[in-house]
Every structure is written in structure tokens, then in C-alpha cells.
Amino acid sequence: MKNFIPSVIGLTVLLWVAIGGAVEAAPAVDEIINRANLAAYYGGDDGRADVVMTITDSQKRTRTKEFVILRKDLKDGGEQNFYVYFKKPSDVRKMVFMVHKHIDRDDDRWMYLAKLDLVKRIAGSDKRTSFVGSNFFYEDVSGRGVEEDLHELVEETAKEYVLKNTPKNPDEVEFASYTVWIDKQTFLPVKAVYFDREGRKYRIVEALETKMIQGFPTVVKSRVQDLLSGGETVSDFNNVKYNLGLKEKIFTERYLRRPPKEVRK
Amino acid sequence: MTVISANNKKPRFLPVLLIGLLLLAPAIVNGGGLEDFQTGLSDNYRTEFNGFVEARGGSRLQTDPNQNDASIGELRMQLDLSSDFDWAILKFKGDLLGDLVTEEAEADLREFNLAFSPLEMMDVKLGRQVLTWGTGDLLFINDLFPKDWESFFIGRDDEYLKAPSDALKTSFFLDAFDLDLVYVPLFNGSVYIDGSRISYWSGMQGGVVGENFIFVDDERNRVFRDDEVHLRLAKNVSGLELGVYAYHGFWKTPEGVLMAGPKLFYPGMAVGGASLRTTMLGGITNLEIGYYDSLDDREGTDPLVRNSELRLLTGFERELARDLTGGFQYYLEYMQDYDEYEQTANPASMKDEFRHLLTVRLTKLLMNQNLRLSLFAYYSPSDEDGYLRPKFNYKVNDQLAIDGGLNWFFGAEEHTFFGQFEDASNIYAGIRWNF
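Protein sequences, first through last, are from chains A and B. Start counting the first sequence at 1; every next residue gets the next number (our numbering). Start counting the second sequence at 1001; every next residue gets the next number (our numbering).
Hints are computed from structural coordinates only; laboratory data are not their basis. If you're wondering where the values come from, they're calculated on a predicted model, not measured in any experiment. Just so you know, not all the hints are guaranteed correct.
To be verified - Reference excerpt, derived from the structure (chain B facing chain A, CB under 7 Å, subset only):
no.: 1; residue: Glu1159
no.: 2; residue: Lys1162
no.: 3; residue: Asp1166
no.: 4; residue: Arg1322
Glycine is no exception: its CB is placed at the ideal position from the N, C-alpha and C atoms.
Pulled out of the complex, with its shape left as it was, chain A reads as follows (with noise of 0.2 Å):
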């Protein structure tokens, strides 16, 4: 009886750390989801990529678009700025895509048509449309705020988080809730399955391929696919780079007529 009380404090006190260890490993809901956010769509204050856009058509034919896409983030997690400068199809080539993201207001969107001079603004409430015809939504480009969903905790498995996330304002959205997988390593969001009101599996978007670079985990490899229409797109990032002192003045309407060096290649 001696050592009992020695032995339940040293149970509780093991028991305590087990349980408060275990409450350290798995971080709160809210963490995983700013981490991921800012993993996905923050890295480094600014980027560049070469993206080579694949679509499929759910009757096999193909289409390309290839563009380069600057941005630069004002306030990490918060407001940003992207600068997407095409090179191909022929049609729509000079032609760019400039986006002012806001957090608590409507984005900002402008649109250069080089054949007119015309700079174009663009009504863009609707961020679930499809970014220049291909299965990626504008959201999937710019991302969707962490707010806009509720996000639970609906599994761990040894190298993901698994989040379920359900629209605040439903009738905004297509989807009735999507679940997404996020790396523990990175805090990269690996995978995200799409489910409508029926409850059918509809959408999903991936990265097929991740690298480090400068130090930053980055999706180098995406797709998305149209289960319904059996449709897909896949995007290709070359020459990825963060961190190249991007200035603030690119996004204006000086660069749209005038496309900076950092796209010209």
C-alpha cells in the first residue's frame, strides 16, 4: 500500500502526458487549416511558375494553355496579388489576367486584351467558374478562404490529416461539403474530394507530384478531375521560384499594357 499513492500520481502524471502528447500531435482544427492555407498559397512573399494547363474534354480531345503566373502576397494569409501572363493558344496570346484577392470584400479582377488595348474589368463574384475553360476553378488558383467553410477533424492516418469542410453559406457553392487530405510533413493539401447534396463524389483535385523548393514544399503536378463530365485538367509548374523581390507596381495597370521582364522569360 506503500507505494500506491507514489503509483497513481505516477499513472495520472504518465497517463496526463500520453493524452496531452497526443492533444500536441494532432494541433488544433483551426491550425491545420492556416497552416495548409498558407502552404498552398503563401509560400515565400512572392513566386513565379511556368504552368502548362492539359485539358481533357470528356471525349478525349485536348487543349493547352500555358501562361506565367507572378504573385506577390501583401500580408501572409491575407490579401494578394497574381499577375497571369499568356503565351498559348495563339489566340490568347499577350493576353493577361490580374488579380487583386481581398479577404473581407469581392476580388478585384482585370483582363488586358492586347489585339484592342483594352483593359478590361471583370465582374467576378462567382470564384466557382472555370478558370479559362478548364476543370481548375478560380478558386482552386487563388484559394478559398479559411472562413468561408467549417472544418472538422474526421481522421488521422500516419502521414495525413483528413478535414472535412462544410460551406458556412451553402447556396453560394456547387458543393455540399469536401473532405481534404493534408500532408503532416508540409501542411500541403494533397487531395480534395468534392461531394454534392446527393452525397455523390463528383470532383477531385490533386497533386500528383511535390517537390522542395528553396526550401518551400510546392505542387509541381496537379489535376483536377470532372466526374461527371469526365473531364480533366492537368498542370504542369516549371520553374518555380520564390522570393524574387517582386515589386508591388507589377499588378497595375502599367504591366497589363506592358508586361514586365519577369514574364517576357
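Following the hints, put chain B in place on chain A, whose structure we already have.
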């Protein structure tokens, strides 16, 4: 704008050009070699070489006694070259055109310019260039750069609505605002409807006239004296885009009549204006205003020169559903010194003091955005006339596209802006191979 109207009225040249274009087309179609050539130029010389070959045809929907039944019939090849020298970009874009309606072969230089930045805060573009600013959608107030209305009305690609200017554009990017200054040493007028291809209302004849009555215009041809200055101040205040504009030059279409001749001429004009554009209610809204000061008739007493006007437009555009965008605009032309105008104008074809115009745009994207269906409609409740532009464009693959549409004019009277073109209503289709 035609630069070199090669061999006017010498149809013998035309077959040669057409055969040349036709021979080139299959070479391009089968051209794996072309792509290698393009890549080689780009990698070794930082020169991009692109273009297209296009065939386009169209017909009037009704007969015009003074015009051909074919509204458009042409084979066109565009070559686009741009070289990047790091310190500057040299750009060339030109079209070769075989026009079956006018039976002419033309070379049309669209762009030939050098763009560079002599200072960190300064850009310069010198040479032939296409220029656009302002906030209207197919309505222009402070954009006083030349337009090609003929191309627009007969179903050429939208690109051709903007005619090039031979200009020096200098832009300064200051902390307070951006300043654009465009100097055009020799006035560039718009391509207006002169009767050669589309008939128009002639006040002098008291009816619609066409090829039988093509007016000569008195060209502005004194370099540095018949010049134009365009100026813009622009600022983006966290998404609110503000613009202030000024122009000194001439009316872009010949809005004056010289009794000697008689001939049309381009009276002097100065414009001051402003615009704003911002996001609102999930869409884009804009407001633009401009005062057209008719310098050769400031009192409005000269019946042979168009009076001064106040012009205003406001619009709203937003997504209505997925891949469906809708836009609406209201536009006003308010004639100054209307009393003076009334005293001398022909009562049969008198204009209103206020010309109201409404536009609607609907654009629907289908089939992975490869099919675009659109409708642009102008309607004037004061003139009781309008113009409908339904069209489609389908990208068959990354190179090949087909398009077609209608240009449908209607009006209660023959002398109103759109009403006069009723007999020019047409249907057209085109096929284009991009490389």
C-alpha cells in the same frame, strides 16, 4: 485604316494574292515545321512570330439598290512579329487582304512600334499603335482614338473596330497618379460610313445614298499643324479607378460641310472629361462624362458644323449565372445651342436635343468555354432605332475557330443614326486558322 491600298481597282493583282494565301494555308496547316521555326526564333532571337489565315463571307439581308449584295468577302493573312531586346520591344503586325467586294488587294499595317522605358517611372511607345482608354463597352466618350465603323458593321473581328494611330505615347507613373500623353502629329480620322460599302443618310440629297454619292472629304494633311493631343490622368484608389481626360484636335468623323465642293471636313474639337469604375453589388459599375467643344462652331450658329455636345454614359455588368454575364448601359448625347440648330436644320431630318441610347450585352460560355454566344444590342428610345449584334464563336481546337453572326439595323426613320443603315443589315461567317 488602309495604309497602302495596293493597286486600287486593278483586280488582276487579286487572284495572285488569293492563290498565294491559299498556297500558304495548307503549308501552315501541315506545318510541324512552322512550330519548330517559331520555337527556334523565340529561343535564339527572342522574336515571336504568329498570325492567322482567315476566310470571311457575308451577305445583305435585303437588297440595297446602291450596293453589292455581298456585304463582306475576304481572305486575310495577319503576320505578327515582336522582338524583345530587353531595353525595348519592337513590334510589327500587318495584314494582307484580298477583298472580293471592293475587288482590291490591300496591305494594312496594324502596328509597327518601339516600346521602351527611358526612366524607371516612364514608358514610351513610338510608332503605329492601337490605343484604347475609357470605360464604355462599345460606346466611346473620352476614347478619341480612331475607330473603323465599317469593319464593325460588316462583321470583321472586333479587333478591327480599333483603327491604329501613328503616335508617340508617353506615360509617367507618379506617386499621385499616372499620366498618359499621346501626341499624333497628323490627325488620324475614323473609318466612317461614306457610301462606298454601306449606304447612309445624306441631308443634302434628302435620302439614303450609296455608291452613287460618295462624298469627298477634305483631308487633314499638314503634319504638326493638323495634330492631335490626348491626355489622361488615372488613379486606382483601392479598386476605385478614376480618370480625367483631355483632347485637342478634330472631330473623328467629318462633321462639317464645306460649301466649296461641296466637301466634308473635320472641324476642330476639344474634349474634357472624367470617368470612374468600381465594383458594386457583385458586379462592375462605371460612369463617364465628356464635353465635346466644337471649336469651329462654339455658338452653334453655323449650320454646316456639328454643335458642341455633352456626353454621358453609365453602366453595370455582372455574372447572372455560371458562365453567363449580363451588362447594361445608358448613354446620352445632349446637343448644346439647340435653339440655333433648330432655326437652320431641315425639319424633315432634325435631330433631337437629347439622344438617349441603351445597350444590353449578354455573353454565355459553353462547352468548356470553347463556344461563346453573345448578344450586343443598341436601342435608342428617342431616335426609335437600334442595332443588334448576335454572334457565336467556336474554338474547334487550339488553332482553328469558326464564328458568325448578324448585324441587324432597324429604325422608324431613315435619317437616324442606326435607321439609315437598315439596308446594310447582314449575316456573316468566318473561319480562322491561328498559328
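Checked hints:
A distance limit of 7 Å between C-beta atoms decides the matter here; for Glu1159 of chain B the minimum to chain A is near 4 Å, and the interface restraint holds. Satisfaction of the interface hint for Lys1162 of chain B is found here, the shortest Cβ-Cβ separation to chain A being roughly 5 Å, below the 7 Å cut-off. Interface hint status for Asp1166 of chain B: violated, as the beta-carbon distance to the closest one in chain A is roughly 15 Å, over 7 Å. At about 5 Å, the closest approach between the beta carbon of Arg1322 of chain B and any beta carbon in chain A falls short of 7 Å, and the interface hint on this residue holds.
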